[in-house]
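Colleague: Sequence:
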Amino acid sequence: MAILNPLESDGYIHFDEAASKAAGAALAKRYQSAEPFPHIVMEEFLPLDFLRGLLPEFPATDGKTFFDRDQERFKFQFQPAEIPGRRLRNLVTELNSPAVLRFLAAMTGIKGLIADPYYIGGGLHETKSGGHLGVHADFNIHKGMKLERRLNLLVYLNDDWPADYGGDLELWDRKMERCCHKVLPVLGRAVVFNTSLDSFHGQPDPVRCPPDRARRSIATYYYTAVEEGITKLPERTTVFKARPTSADKEDRRVQFDHFLKDWVPPRLYRYATRLNRFK
Numbered sequence: 033m034a035i036l037n038p039l040e041s042d043g044y045i046h047f048d049e050a051a052s053k054a055a056g057a058a059l060a061k062r063y064q065s066a067e068p069f070p071h072i073v074m075e076e077f078l079p080l081d082f083l084r085g086l087l088p089e090f091p092a093t094d095g096k097t098f099f100d101r102d103q104e105r106f107k108f109q110f111q112p113a114e115i116p117g118r119r120l121r122n123l124v125t126e127l128n129s130p131a132v133l134r135f136l137a138a139m140t141g142i143k144g145l146i147a148d149p150y151y152i153g154g155g156l157h158e159t160k161s162g163g164h165l166g167v168h169a170d171f172n173i174h175k176g177m178k179l180e181r182r183l184n185l186l187v188y189l190n191d192d193w194p195a196d197y198g199g200d201l202e203l204w205d206r207k208m209e210r211c212c213h214k215v216l217p218v219l220g221r222a223v224v225f226n227t228s229l230d231s232f233h234g235q236p237d238p239v240r241c242p243p244d245r246a247r248r249s250i251a252t253y254y255y256t257a258v259e260e261g262i263t264k265l266p267e268r269t270t271v272f273k274a275r276p277t278s279a280d281k282e283d284r285r286v287q288f289d290h291f292l293k294d295w296v297p298p299r300l301y302r303y304a305t306r307l308n309r310f311k
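Each step along the sequence shown adds one to the number in our numbering, with nothing skipped, and position 93 is 125.
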């Protein structure tokens, strides 16, 4: 039985708030006690037949740009406005609904969760064969809404996905010394985890599926308001980490930028970044 069961009224997909909250509460102990940071891997988060019915609506990548650098390669992102299929677009937006927020709050214990209507970095993700996403900690501040990032929800959309295809999500310990969990991205499996400056995760090994297949998922992120003000937080973009004994490459440019932000006076930092733009 699925953890959340979508309802449909007049062709609109939605979730019951009370049932969603109860489902989250039933998973709270498991989530909050998980290591190396609070997280959960859920089987059949949504009904498998329901998800199979949405797969044909996944948008094509023809002519769309993608990430192509050492840290992330052959990865595409689609915001809801780019999803032509009505029902798949409906589901992605409904994952920002009050019902899903109640589910997440009950499970994680995080109060005052706020969904991102702009889907910064979120929406649909697709990684082509040979692509990867290095182990990293996510950006921590939503600049437009001035909120702190707290949770990631990933829902996988890969039917008939054998282990040989790879694409496993990896969760690493806070010291980046060992991989604690690997999650094969099979249809209906979902992962939720706390995002912090040391919640390291990624899909670092290249996907090994045939060229006509791709690793697909829904990604939605959730935030809270910082009572003492967003200026009290250290501002971070996505920080990639190299796995021990691997050929992964550190993102030295980002690391140096963070060093400057932490140690150079703001006025001097702004002057230095303006100069760098004209190099």
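Hints are computed from structural coordinates only; laboratory data are not their basis. Fair warning: there could be bad hints in the mix.
Computed beta-carbon distance windows for the label pairs [stated by the list, open to error]:
1) Tyr150 <-> Arg118: 35 to 45 Å
2) Ala113 <-> Ala279: 12 to 22 Å
3) Asp81 <-> Glu209: 33 to 43 Å
4) Asp94 <-> Thr256: 30 to 40 Å
5) Thr263 <-> Leu216: 16 to 26 Å
6) Asp94 <-> Pro242: 41 to 51 Å
7) Ala274 <-> Ser41: 30 to 40 Å
8) Lys143 <-> Pro243: 37 to 47 Å
9) Arg240 <-> Met177: 12 to 22 Å
Here are the simulated DSS-like pairs of lysine-lysine, each with C-alpha atoms no more than 27 Å apart in a straight line [what the hints assert, rightly or not]:
10) Lys207 <-> Lys96
11) Lys207 <-> Lys61
12) Lys107 <-> Lys96
13) Lys107 <-> Lys281
14) Lys160 <-> Lys53
Only a predicted model underlies this, so the values are computations on that prediction, with no experimental measurement involved. For each residue, glycine too, the CB sits at the ideal point set by N, CA and C.
Colleague: Are the hints correct? Go through all of them and say.
Modeller: Against the structure, the hints come out as follows:
1. Tyr150 <-> Arg118: 35 to 45 Å: 21 Å Cβ-Cβ, so the 35 to 45 Å window is violated.
2. Ala113 <-> Ala279: 12 to 22 Å: 37 Å, violated
3. Asp81 <-> Glu209: 33 to 43 Å: Hint holds: Cβ distance 41 Å, inside 33 to 43 Å.
4. Asp94 <-> Thr256: 30 to 40 Å: Since the Cβ atoms of Asp94 and Thr256 sit about 38 Å apart, the hinted range of 30 to 40 Å holds.
5. Thr263 <-> Leu216: 16 to 26 Å: With a Cβ separation near 41 Å, Thr263 and Leu216 fall outside 16 to 26 Å, so the hint is violated.
6. Asp94 <-> Pro242: 41 to 51 Å: Violated: the Cβ-Cβ distance is about 18 Å, outside 41 to 51 Å.
7. Ala274 <-> Ser41: 30 to 40 Å: 49 Å, violated
8. Lys143 <-> Pro243: 37 to 47 Å: Hint holds: Cβ distance 46 Å, inside 37 to 47 Å.
9. Arg240 <-> Met177: 12 to 22 Å: 38 Å, violated
10. Lys207 <-> Lys96: Violated, at about 36 Å.
11. Lys207 <-> Lys61: The hint holds at about 24 Å.
12. Lys107 <-> Lys96: 10 Å, holds
13. Lys107 <-> Lys281: 17 Å, holds
14. Lys160 <-> Lys53: 35 Å, violated
Taken one by one, the earlier hints fail for this structure at numbers 1, 2, 5, 6, 7, 9, 10 and 14, listed in ascending order.
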